[in-house]
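Student: From first to last, the protein sequence lines stand for chains A and B. Heads up: the first sequence begins at 1 in the numbering used here, then just goes up one per residue. Heads up: the second sequence begins at 121 in the numbering used here, then just goes up one per residue.
Read the hints as simulated data drawn from the structure, not as lab findings. One or more hints might be untrue.
[To be verified] Now the stretches of chain A that chain B is said to cover, found in silico as 3 or more residues with beta-carbon under 8 Å:
no. : stretch
1   : 22 to 32
2   : 85 to 96
3   : 101 to 108
[To be verified] Calculated lysine to aspartate or glutamate pairs in the EDC-like style (CA-CA distance at most 16 Å, straight line):
no. : chain 1 : residue 1 : chain 2 : residue 2
4   : B       : Lys152    : A       : Glu29
5   : B       : Lys128    : A       : Asp73
6   : B       : Lys152    : B       : Asp171
Even glycine gets a Cβ: it sits at the ideal position worked out from N, Cα and C.
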Amino acid sequence: MSWLLVAVIVAATTLGDYLQTVSMKRHGEIRDFRPGALGRLAATLARNWMILTAIALMAVSFFAFITLLSIADLSFAVPATAFSFVTETMVSRWLLNERVNWKRWTGVGLVACGVALLAL
Amino acid sequence: MRERLGLKTWVFVAIVVLANVLGNFFMSLGVKRHSTLVGGSPMQYLSVMADPRVVFGISLLIVWLLSRMALLSWADLSYVVPVTAIGYVLNALMGRVFLGEQVTGWRWAGTLLIVAGIALVGSTSVRTSVAEARPE
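Starting from the given sequences, assemble the full structure and let the hints guide the process.
Tutor: Have a look at this one:
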């Protein structure tokens with residue numbers, strides 16, 4: 001059960017961030033931060049199915065994490081779900097076509113290990 | 121272009137991290153005052169949602185979500201995810217300072233690894249997936 005929840009958390013986090021990134025990159029770089037422009041942007045994004053799905057996936061990830069904490073120790077939950085750092089970098093490289101060089105791979109590996117250690 | 125994006129990116133990274141850390145902190149402060157939440161009635165959940173600390177925490181988490189989406193409009197996902205992980209370190213520090221939690225040697229080691237990882241990723245280009253990206 002614990003590993004199933006970990007899989008749900010990692011998959012929902014990764015897919016949610018992928019959908020957010022795709023829709024925001026399609027929108028283009030935000031340059032206008034005046035309140036009116038931000039309001040129009042929020043209205044546009046609120047009708048975007050990818051953003052809405054991404055937010056729903058964040059909720060799935062959140063509630064799955066709460067459930068995981070109710071049946072497993074924090075020292076298991078945090079390191080196990082830190083694996084999403086790796087899956088998100090894989091998605092960035094192979095689905096979003098970002099250039100992930102050795103510095104990024106090494107940096108992500110260090111961050112994931114560091115997050116795992118924080119739970120000890 | 122790169123310099124402008126660099127400053128704008130770090131300002132937004134700071135907003136994303138601070139909004140997330142403070143949002144979680146205030147949510148936690150508010151929720152812990154209502155110890156009978158698990159298995160409670162919908163009214164109990166609503167009373168928790170009406171707690172000023174929880175309202176402030178949720179507001180900050182909305183700021184976190186929107187600022188992170190703005191950041192992703194120009195920055196790589198493989199850049200944003202590790203760099204904003206500094207929030208884990210700040211959460212541990214807030215636990216130490218405000219809640220009196222012990223920070224073990226393993227946690228300090230984890231903090232060092234996270235900072236080293238962020239330094240490495242932070243030295244790469246913010247954006248590599250569009251035409252403006254340049255070889256490093």
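Student: Regarding the pair Lys152(B) and Glu29(A), is the alpha-carbon distance no greater than 16 Å?
Tutor: Not OK: Lys152(B) and Glu29(A) at ~39 Å, beyond 16 Å, violated.
Student: At a Cβ distance under 8 Å, does chain B reach at least three residues of the stretch 101 to 108 of chain A?
Tutor: holds (count 6)
Student: Three residues or more, CB to CB closer than 8 Å: is that satisfied between the stretch 85 to 96 of chain A and chain B?
Tutor: holds (count 7)
Student: At a Cβ distance under 8 Å, does chain B reach at least three residues of the stretch 22 to 32 of chain A?
Tutor: holds (count 6)
Student: Are the Cα positions of Lys128(B) and Asp73(A) separated by 16 Å at most?
Tutor: Distance ~38 Å between Lys128(B) and Asp73(A) Cα, so the pair is violated.
Student: Starting from Lys152(B), check that the Cα of Asp171(B) is at most 16 Å away, please.
Tutor: 11 Å, holds
Violated hints, listed in ascending order, are 4, 5; each of the other numbered hints is respected by the structure.
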